[in-house]
Structures are given as structure tokens and as C-alpha cells.
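Asks: Listed here are the chains, written in short residue letters.
Number of protein chains: 2
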Amino acid sequence: MDMPTTKPDITKLRVNGQRLWDSLMELAQIGATEKGGVCRLTLTDLDKQGRDLVTRWAREAGMTVTIDKIGNVFMRRAGRSNMPPIMTGSHIDTQPTGGKFDGNYGVLAGIEVVRTLNDHGIETEAPIEVAFWTNEEGSRFVPVMMGSGVFAKAFTLEHAYAATDTEGKTVKGELERIGYIGDQEPGDHPIGAYFETHIEQGPVLEDHDKTIGVVTGVLGIRWYDCVVTGMEAHAGPTPMALRKDALQVATKLMQEVVACAHRHPPHGRGTVGMVQVHPNSRNVIPGSVKFSIDLRNATDALCEAMDADIRAVAAKLSQESGLPIEITPVSAYTAQPFHADCIAAVQKAADTLGYSNMRAVSGAGHDAVYMARLAPAGMIFIPCKDGISHNEIEDAKPEHIEAGCNVLLQAMLERAG
Amino acid sequence: MDMPTTKPDITKLRVNGQRLWDSLMELAQIGATEKGGVCRLTLTDLDKQGRDLVTRWAREAGMTVTIDKIGNVFMRRAGRSNMPPIMTGSHIDTQPTGGKFDGNYGVLAGIEVVRTLNDHGIETEAPIEVAFWTNEEGSRFVPVMMGSGVFAKAFTLEHAYAATDTEGKTVKGELERIGYIGDQEPGDHPIGAYFETHIEQGPVLEDHDKTIGVVTGVLGIRWYDCVVTGMEAHAGPTPMALRKDALQVATKLMQEVVACAHRHPPHGRGTVGMVQVHPNSRNVIPGSVKFSIDLRNATDALCEAMDADIRAVAAKLSQESGLPIEITPVSAYTAQPFHADCIAAVQKAADTLGYSNMRAVSGAGHDAVYMARLAPAGMIFIPCKDGISHNEIEDAKPEHIEAGCNVLLQAMLERAG
Numbered sequence: 001m002d003m004p005t006t007k008p009d010i011t012k013l014r015v016n017g018q019r020l021w022d023s024l025m026e027l028a029q030i031g032a033t034e035k036g037g038v039c040r041l042t043l044t045d046l047d048k049q050g051r052d053l054v055t056r057w058a059r060e061a062g063m064t065v066t067i068d069k070i071g072n073v074f075m076r077r078a079g080r081s082n083m084p085p086i087m088t089g090s091h092i093d094t095q096p097t098g099g100k101f102d103g104n105y106g107v108l109a110g111i112e113v114v115r116t117l118n119d120h121g122i123e124t125e126a127p128i129e130v131a132f133w134t135n136e137e138g139s140r141f142v143p144v145m146m147g148s149g150v151f152a153k154a155f156t157l158e159h160a161y162a163a164t165d166t167e168g169k170t171v172k173g174e175l176e177r178i179g180y181i182g183d184q185e186p187g188d189h190p191i192g193a194y195f196e197t198h199i200e201q202g203p204v205l206e207d208h209d210k211t212i213g214v215v216t217g218v219l220g221i222r223w224y225d226c227v228v229t230g231m232e233a234h235a236g237p238t239p240m241a242l243r244k245d246a247l248q249v250a251t252k253l254m255q256e257v258v259a260c261a262h263r264h265p266p267h268g269r270g271t272v273g274m275v276q277v278h279p280n281s282r283n284v285i286p287g288s289v290k291f292s293i294d295l296r297n298a299t300d301a302l303c304e305a306m307d308a309d310i311r312a313v314a315a316k317l318s319q320e321s322g323l324p325i326e327i328t329p330v331s332a333y334t335a336q337p338f339h340a341d342c343i344a345a346v347q348k349a350a351d352t353l354g355y356s357n358m359r360a361v362s363g364a365g366h367d368a369v370y371m372a373r374l375a376p377a378g379m380i381f382i383p384c385k386d387g388i389s390h391n392e393i394e395d396a397k398p399e400h401i402e403a404g405c406n407v408l409l410q411a412m413l414e415r416a417g
Numbered sequence: 001m002d003m004p005t006t007k008p009d010i011t012k013l014r015v016n017g018q019r020l021w022d023s024l025m026e027l028a029q030i031g032a033t034e035k036g037g038v039c040r041l042t043l044t045d046l047d048k049q050g051r052d053l054v055t056r057w058a059r060e061a062g063m064t065v066t067i068d069k070i071g072n073v074f075m076r077r078a079g080r081s082n083m084p085p086i087m088t089g090s091h092i093d094t095q096p097t098g099g100k101f102d103g104n105y106g107v108l109a110g111i112e113v114v115r116t117l118n119d120h121g122i123e124t125e126a127p128i129e130v131a132f133w134t135n136e137e138g139s140r141f142v143p144v145m146m147g148s149g150v151f152a153k154a155f156t157l158e159h160a161y162a163a164t165d166t167e168g169k170t171v172k173g174e175l176e177r178i179g180y181i182g183d184q185e186p187g188d189h190p191i192g193a194y195f196e197t198h199i200e201q202g203p204v205l206e207d208h209d210k211t212i213g214v215v216t217g218v219l220g221i222r223w224y225d226c227v228v229t230g231m232e233a234h235a236g237p238t239p240m241a242l243r244k245d246a247l248q249v250a251t252k253l254m255q256e257v258v259a260c261a262h263r264h265p266p267h268g269r270g271t272v273g274m275v276q277v278h279p280n281s282r283n284v285i286p287g288s289v290k291f292s293i294d295l296r297n298a299t300d301a302l303c304e305a306m307d308a309d310i311r312a313v314a315a316k317l318s319q320e321s322g323l324p325i326e327i328t329p330v331s332a333y334t335a336q337p338f339h340a341d342c343i344a345a346v347q348k349a350a351d352t353l354g355y356s357n358m359r360a361v362s363g364a365g366h367d368a369v370y371m372a373r374l375a376p377a378g379m380i381f382i383p384c385k386d387g388i389s390h391n392e393i394e395d396a397k398p399e400h401i402e403a404g405c406n407v408l409l410q411a412m413l414e415r416a417g
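Chain order of the listed sequences is A and B.
Residue numbers 1 to 417, in UniProt numbering, belong to the letters of the first sequence in order.
Residue numbers 1 to 417, in UniProt numbering, belong to the letters of the second sequence in order.
Just so you know, these hints were derived from the structure itself, not from any lab.
The reader is advised that the hints may include incorrect statements.
What follows is a set of in silico ranges between Cβ atoms, one per label pair, in the way DEER data are often shown [what the hints assert, rightly or not]:
# : chain 1 : residue 1 : chain 2 : residue 2 : range
1 : A       : D52       : B       : Q319      : 54 to 64 Å
2 : A       : A241      : B       : D351      : 18 to 28 Å
3 : B       : E123      : A       : P279      : 25 to 35 Å
Restricting the straight-line Cα-Cα distance to at most 30 Å, the calculated cross-link-like pairs of lysine-lysine (BS3-like) are [to be verified]:
#  : chain 1 : residue 1 : chain 2 : residue 2
4  : A       : K48       : A       : K169
5  : A       : K316      : B       : K35
6  : A       : K244      : B       : K290
7  : A       : K348      : A       : K385
8  : A       : K316      : B       : K244
9  : A       : K252      : A       : K316
10 : B       : K290      : A       : K252
Here are some chain B residues pointing at chain A (derived, C-beta under 8 Å) [as the list claims (entries may be wrong)]:
#  : residue
11 : P190
12 : G202
13 : P203
14 : V204
15 : L219
16 : H234
17 : L242
18 : M274
19 : S292
20 : D300
21 : A308
22 : R359
23 : G417
Please read all numbers here as calculations on a predicted model, not as lab measurements.
Even for Gly, the Cβ is constructed at its ideal location relative to N, Cα and C.
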């Protein structure tokens with residue numbers, strides 16, 4: 001490689017936004033839907049085409065490609081030293097009615113960083129790696145964030161291999177079929193630091209008119225099922241005072257799920273998304289109501305506090321009404337704060353580049369959550385239109401796409417030296 | 001008929017409770033279910049068997065039987081005069097998982113009144129008639145209360161004839177098949193007064209430990225569908241302040257449906273029985289919620305006031321939340337107060353007989369509602385166990401069955417002279 005003799009001012013480096021946009025649009029052709037979205041489910045033929053295209057681009061940029069046993073792909077640009085690489089990445093699988101940016105942006109932003117370094121003949125101390133992780137979306141096989149989860153030993157390779165889709169096909173069989181089952185032992189791959197760029201998947205940046213979200217962490221999640229048991233009875237002959245109306249008690253608790261989030265600001269979130277009323281008949285007082293509770297907050301301690309809060313409220317409502325209320329945990333994901341150094345690197349890059357920015361949290365899971373268990377990690381958000389993702393109308397502005405990639409470049413260079 | 005020479009003290013007359021109970025149990029054998037209930041859907045072979053048995057009993061009691069074109073059956077005990085008859089009745093069709101008493105009690109109590117008059121050789125001035133009305137339950141053919149509805153010209157004979165069951169069989173065809181399509185023009189049958197005994201189908205009498213409910217009227221009903229439209233979004237990335245959570249607004253309105261009933265005492269009733277959440281996914285903020293509203297009260301003016309109340313609350317909630325709320329009327333049934341003279345006759349009979357009693361309203365529809373449009377009408381309620389009806393475990397106590405029939409006897413005799 002032809003190196004410059006004087007140290008360049010890396011703060012003046014900028015990525016090629018048009019090239020990045022063009023790559024995003026080209027990748028989005030694989031599995032393109034009529035409504036302008038992408039359907040490229042993990043480990044399908046289309047996923048193989050996507051993987052082939054991205055790894056071809058990586059090789060064309062002089063990167064070496066390795067694959068691990070769960071199909072995670074690592075594309076490496078050598079550094080001066082053999083230090084653990086500064087890594088970025090995300091995923092290229094999509095939801096069945098997914099968009100062009102979710103995941104894909106994080107991977108292609110990494111490729112664009114490497115192309116930019118190549119353009120300017122910049123060598124880094126640590127190697128630069130771009131990864132894409134298998135089956136982040138979880139819409140064909142569960143669990144979600146499968147590749148990064150196996151990599152971080154959140155669950156075993158065997159567990160992931162055994163997962164089946166609705167047709168009974170396994171992850172292992174499909175990996176073999178598309179030729180993306182590698183030799184590397186998942187996790188047997190040191191990481192110096194990890195950054196991930198992603199569309200926000202929420203409305204906060206757009207609402208605040210900011211270009212960059214400096215992500216401080218990913219919210220912890222607690223999922224529950226709740227059942228209120230009353231007594232079904234005819235709506236006509238049963239006077240109000242003699243009713244055991246399960247829905248009336250349930251709706252009070254549904255209100256409290258939201259109130260509980262407000263009692264734990266600024267990041268507390270409470271959602272009832274699913275409701276089943278029994279017998280669900282117009283003139284019958286509901287005998288039982290089952291509904292979901294989704295509580296989220298920035299730390300596990302706050303999630304725990306929300307858990308205690310909603311249980312106390314439920315106990316009080318049960319006592320007042322005389323109706324049993326049962327709350328059953330369904331699943332829990334720990335909160336994952338990002339590393340102070342990585343947050344600072346993203347913040348500094350955004351400030352230096354002059355992009356309007358704000359601190360943000362991620363309410364959704366990302367591969368970066370698992371990477372944060374293994375190495376210092378951070379994320380960069382850019383706005384997405386109306387906060388909509390997992391939808392064919394998912395959209396982001398070219399200038400935001402470019403800005404996020406510039407922040408990634410600066411943050412990675414700061415860490416890579 | 002061998003008449004006594006002195007006028008008997010009719011207030012001393014009592015029905016034969018055991019005979020009435022035995023008849024109820026015998027009729028309940030036709031369509032008996034394993035769980036102790038009855039499945040005798042209208043215009044089936046089992047209904048024909050039930051009709052044959054009851055009319056045989058009527059003929060054995062010296063009554064003449066006539067049938068109208070919608071299959072309503074009138075069993076007449078002649079009076080001294082040809083005045084319009086004092087009529088009682090109800091129905092003998094049941095729900096698919098019905099009980100032994102709903103409807104059947106009202107018909108067999110009438111038969112027992114006649115048997116008692118026969119036992120004591122008592123002649124009345126007005127004739128006594130016992131009717132059973134076709135398809136009160138409405139579980140095989142709609143509309144409900146079909147026979148009495150056609151009789152009262154609430155809808156046409158043609159409309160009723162054309163109703164089909166799930167197999168496509170028509171009311172007219174089934175009436176012909178079981179041989180219960182008569183010559184009389186429905187409604188072409190004067191009535192002097194109408195009484196109906198019925199299990200309460202609610203918990204009020206049991207709760208107050210009263211034997212007799214002196215029914216003052218039947219509640220009017222207003223049915224609505226309500227749709228709250230928000231914006232579906234991911235439960236994770238969307239902070240509380242930026243949500244348009246349709247369920248949170250809907251649950252406030254569901255609470256108000258009950259509050260509205262309490263604001264219109266003592267007979268106001270408000271029920272949300274049916275709820276559909278869209279997309280009904282655990283981690284998606286609901287984008288829209290559709291639910292039913294059932295409002296009832298003792299007069300149409302009160303129903304109208306509740307209608308205005310809930311619409312005003314919905315408008316306020318919509319304004320506060322910024323979410324559209326649409327309330328669409330589905331159907332309405334007018335309130336039907338009973339005739340003061342009939343209420344007084346039932347009250348006097350219960351008092352004279354020394355039965356504990358209270359004023360009551362009916363929250364459910366009965367054939368008496370349509371008869372009240374044609375003649376002075378009243379109803380007598382007796383308690384049913386736990387307020388449960390339309391269920392195989394429906395139960396009533398023999399002493400209450402007997403008491404209600406004694407009240408019916410006295411009230412009819414007062415009106416029949």
C-alpha cells in the first residue's frame with residue numbers, strides 16, 4: 001500500500017455519501033417488494049445473494065472474509081498491528097415486510113468507512129472489521145439476534161442450530177445449504193471495540209430535529225402475561241353493584257401500566273399490546289381478561305422497580321375489587337448500558353463534525369447489546385421517517401445516512417489509532 | 001261444570017307445587033343434556049315433542065288449543081263471558097345449553113293455574129289463556145322473541161318466515177315440517193291482560209333474599225360499536241410522550257361506560273363485553289381498538305341521557321388525546337314499563353300470600369315486552385341460583401316455583417273476575 005509520508009488530519013476525512021446510498025439501493029434490490037421494501041429472510045436464497053454481494057464488495061475493498069459456525073461474517077481490513085480489531089456491523093436479514101435500512105445501513109456504513117480509508121490511503125493501528133450477524137430479526141427462526149447471541153455465548157450453538165422455521169427446516173441445514181457455515185468457533189474472535197450505526201426505529205430524533213443520536217444504552221425489557229378473573233354474567237339482568245366485571249378491573253391495570261412508565265422517567269416505557277376478553281360477547285359481562293404487559297427501562301434496577309410497582313398496584317386492585325389478578329413473567333432482557341469511552345467517541349465525532357445531536361437510548365434490541373458483553377461498545381442513531389421501521393415504507397434521508405457514516409468513521413478512527 | 005253455590009274465597013286458593021314441579025321435570029326430559037340442562041331449539045323435532053306434550057296437558061285440563069301462522073299456541077279455558085282472555089305464557093324453546101326453567105316455567109305455571117281452577121271448580125268471568133310463543137330465544141333463528149314480535153307487529157310474518165338457520169332451513173319450512181303452522185292471523189286475538197312468570201336471570205332477588213320480584217318494566221337497550229384510532233408503533237423505541245396509544249384512550253372510555261351507568265341510577269347499566277385490539281401484538285403499541293358498548297335503563301329518556309353522556313365523554317377524551325373516537329349505533333330496544341294495574345295486581349297477590357318481595361326491573365327481553373304494547377301487562381320474577389340462566393346449571397327452588405305460581409294465580413283471578 002502506498003502510504004502518505006505526513007500524518008493526515010483525519011478530522012477532515014469524509015465518507016462518500018452517494019456511494020453509500022447507491023450500495024444501499026443496490027442491496028435493497030435483492031428481495032425488493034412492490035411497495036418499496038425488502039423481504040430477505042435469514043438463510044434463504046435471497047439472503048445468500050445478499051451475503052454474496054456484500055462479501056464481494058468487501059473483497060473488492062481489499063478485505064479478507066472469514067465466517068464462523070453460526071454464519072456470522074467478518075470482513076477485515078488489516079492494521080499496522082495485530083491488536084484486536086475495531087469492529088462495526090449489524091445485519092442484512094430483514095422482516096417479511098421490512099425496509100431498506102434496518103441492519104443493512106450498519107453493515108454498508110462499515111464497508112463505506114473502509115472504502116473511504118482506502119481512498120485516502122490511511123492505515124490504522126488496529127485492524128478494522130465489518131461484521132454481519134446471522135438472523136438478527138428472528139422472524140424466520142427464534143431466538144432473535146441469533147448470530148451475535150451465539151457469539152456472546154448468550155445461548156449455545158446447538159440451541160441455535162436446532163431452531164426450525166414453519167416448514168421444519170433447521171438453522172444448521174439452511175446454513176449448509178446456502179454455504180455460509182464457517183470454521184471459526186463463534187466468539188473465538190477478539191474485539192477491541194464495537195460500534196453500530198442504525199436507524200433509530202423510533203420518533204425521538206425526528207421529533208427533536210437532530211441528525212445524530214449518541215446512544216447511551218439499550219433498555220431492559222420485562223414481559224408478562226396478566227389474567228384478571230371475574231364472573232361472566234348477562235349484561236341485562238345483572239345490576240352494577242353485583243357485577244364481577246373482569247374487564248373493568250383489567251382496564252384499570254392497563255392504565256397503570258402506562259402510569260408506571262411515567263413514574264419511572266425519563267426512559268420508563270409501559271405497553272399493553274395484546275388483549276383477549278372472554279367470552280367476548282356484546283351482552284355478556286367479561287368473565288376473564290388476559291393481556292400482555294411490556295415494561296422497559298434503562299437499568300435493571302429501574303426494571304426491577306417497575307416490576308415491584310406494577311405488582312403492588314395489581315395487588316391493590318385485586319384487593320379493592322375482590323377479583324384475582326395473576327401476573328406471570330414471560331421473558332426478561334437485561335438492560336445494556338454502553339461503554340463510556342465509546343459513547344464519548346461518538347459524542348466527540350458528532351460535535352467535531354458539527355452535526356446536531358442528542359443523547360438517546362435504544363428501546364429495541366440490537367447486535368450491539370451482545371457485543372457490549374465482550375468489548376467496549378457504542379451505537380450511532382440517525383432519524384427514520386415518522387419513527388417507522390419493520391415496514392416497507394421505512395425511510396431515511398441521504399444526508400442523515402451520510403452523517404451517521406461520518407460519525408462512525410471518526411469514532412472508529414479515534415479507537416483504531 | 002259442577003259449580004259451587006257460594007262464592008269461594010279465592011285468596012285461600014293455592015296451586016299444587018309438586019304437580020307443577022313434576023311437569024317441569026317431565027318437560028325437561030325432552031332434550032335433556034348430560035349436565036342436567038335442556039337443549040330444545042325452536043322448531044326442531046324435540047320442540048315438536050315439547051309442544052305435543054304441553055298441548056296434551058292443556059287438552060287434558062279441558063282447554064281448547066289454537067295456533068297462529070307463526071306457530072304461537074293459545075290454550076284457552078272458557079270464562080263465563082266472551083271478554084278478551086286474561087292471558088299468561090312464555091316459551092318452551094331453549095338455548096343450546098339451556099336450563100329447565102327459562103320460559104318453560106312461565107308456560108307450565110299457566111297450566112298449573114288452570115289445573116288448580118279445575119280442582120276447585122272455579123269459573124272466571126273472562127276466559128283464561130295460556131300461550132307459548134315461537135322462538136323466544138333466537139339461538140336458531142333471528143330475530144329473538146319472534147312469535148310474540150310478529151303477534152305485536154314489531155316485524156312482519158314474511159320477515160320471520162324467511163329467517164334461516166345455519167343449514168339454510170327456513171322458519172316457514174320448519175313450522176310446516178313439525179305441523180305447527182296454524183290458521184290464525186298473528187295478532188288477531190284480543191287480550192284482556194297479560195302476565196308472565198319467569199326466573200329472574202339475575203342475582204338481585206337472591207342477593208336481597210326475596211321470594212317474589214314485582215316487575216315494573218323491562219329496560220331499554222342501546223348497543224354501539226366504538227372505534228378508537230391511534231398509531232401503531234414499536235413498544236421499545238417509542239417514548240411515552242410521543243405515543244398515540246389507542247388502547248390507553250379506549251380503556252378510559254371503557255371505564256366511563258360503567259361510570260355512566262352509575263351516573264344514571266338506580267337501573268342504569270353499562271357493559272363493554274367485546275374488545276378487539278389491532279394489531280394485538282405484545283410489543284406493538286395498539287393502532288386501533290374496537291369495542292362494544294351496551295347501555296340500559298328503565299325509560300327511553302334515561303337511555304337517551306346515557307347516550308348523550310357517553311358521547312360527551314368520548315368527545316372530551318378524543319379532544320384531550322387527539323385520537324379520533326367513533327361511536328356507531330348498532331341497535332336499540334325501547335324501554336317497556338309495565339301497566340300500573342298489573343304491577344298492582346302482582347304486588348297485592350305477593351303481599352296477600354305473605355311472600356317476601358321487592359320491586360324489580362328486567363334487564364333481559366321477554367315476550368311480555370311485546371304483549372305490553374297490546375294490553376296491560378306485568379311480570380312475576382322468582383330467584384334463580386346465582387343469577388345464572390342460559391346455562392345447563394340454571395336452577396330454581398321448588399318453593400319459589402310454587403310461590404311464583406300462586407302469585408300468578410291470584411293476579412290472574414283478580415283481573416279475570
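Asks: State for each hint whether it applies.
Replies: Hints, verified against the model:
1. Checked against the given bound of 54 to 64 Å, the beta carbons of A/D52 and B/Q319, roughly 55 Å apart, stay inside it.
2. For A/A241 paired with B/D351, a C-beta distance near 26 Å keeps the hint of 18 to 28 Å intact.
3. Checked against the hint of 25 to 35 Å, the C-beta distance between B/E123 and A/P279 comes to roughly 50 Å, which is inconsistent with it.
4. Restraint check for A/K48 and A/K169: satisfied, since their Cα atoms lie roughly 16 Å apart, inside the 30 Å limit.
5. Between the alpha carbons of A/K316 and B/K35 the distance comes to roughly 38 Å, so the proposed pair goes past 30 Å and is violated.
6. For the hint linking A/K244 to B/K290, the alpha-carbon distance of about 22 Å falls within 30 Å, and the restraint holds.
7. In summary, the hint linking A/K348 to A/K385 is supported, as the alpha carbons are separated by about 25 Å, within the 30 Å threshold.
8. Among the hinted pairs, A/K316 with B/K244 is consistent with the structure: their alpha-carbon atoms are about 28 Å apart, no more than 30 Å.
9. About 11 Å separates the Cα atoms of A/K252 and A/K316, which keeps this hinted pair within 30 Å; it holds.
10. Under the criterion of a C-alpha separation no larger than 30 Å, the hint pairing B/K290 with A/K252 is consistent with the structure, at around 18 Å.
11. For B/P190, the shortest C-beta to C-beta distance to chain A is roughly 30 Å, which exceeds 8 Å, and the interface hint is violated.
12. The closest approach between the C-beta of B/G202 and any C-beta of chain A is roughly 3 Å, which is under the 8 Å cut-off, so the hint is satisfied.
13. Checking B/P203 against chain A: minimum C-beta separation of about 5 Å stays under 8 Å; hint holds.
14. For the restraint placing B/V204 at the interface with chain A, the shortest Cβ-Cβ distance is roughly 6 Å, inside the 8 Å limit, so the hint holds.
15. The closest approach between the C-beta of B/L219 and any C-beta of chain A is roughly 7 Å, which is under the 8 Å cut-off, so the hint is satisfied.
16. At about 6 Å, the closest approach between the beta carbon of B/H234 and any beta carbon in chain A falls short of 8 Å, and the interface hint on this residue holds.
17. Annotation: interface hint on B/L242 holds; nearest CB of chain A at approximately 5 Å, less than 8 Å.
18. The restraint placing B/M274 at the interface with chain A holds, with a minimum CB-CB distance near 5 Å, inside the 8 Å limit.
19. At about 4 Å, the closest approach between the beta carbon of B/S292 and any beta carbon in chain A falls short of 8 Å, and the interface hint on this residue holds.
20. With a least beta-carbon distance of about 16 Å to chain A, the hint placing B/D300 at the interface is violated under the 8 Å criterion.
21. For B/A308, the interface hint is violated, the least distance from its beta-carbon to any beta-carbon of chain A being 19 Å, above 8 Å.
22. The beta carbon of B/R359 comes no nearer than 13 Å to any beta carbon in chain A, farther than 8 Å, and the hint placing it at the interface is violated.
23. Proximity of B/G417 to chain A is violated relative to the hint, the smallest CB-CB distance being about 33 Å (cut-off 8 Å).
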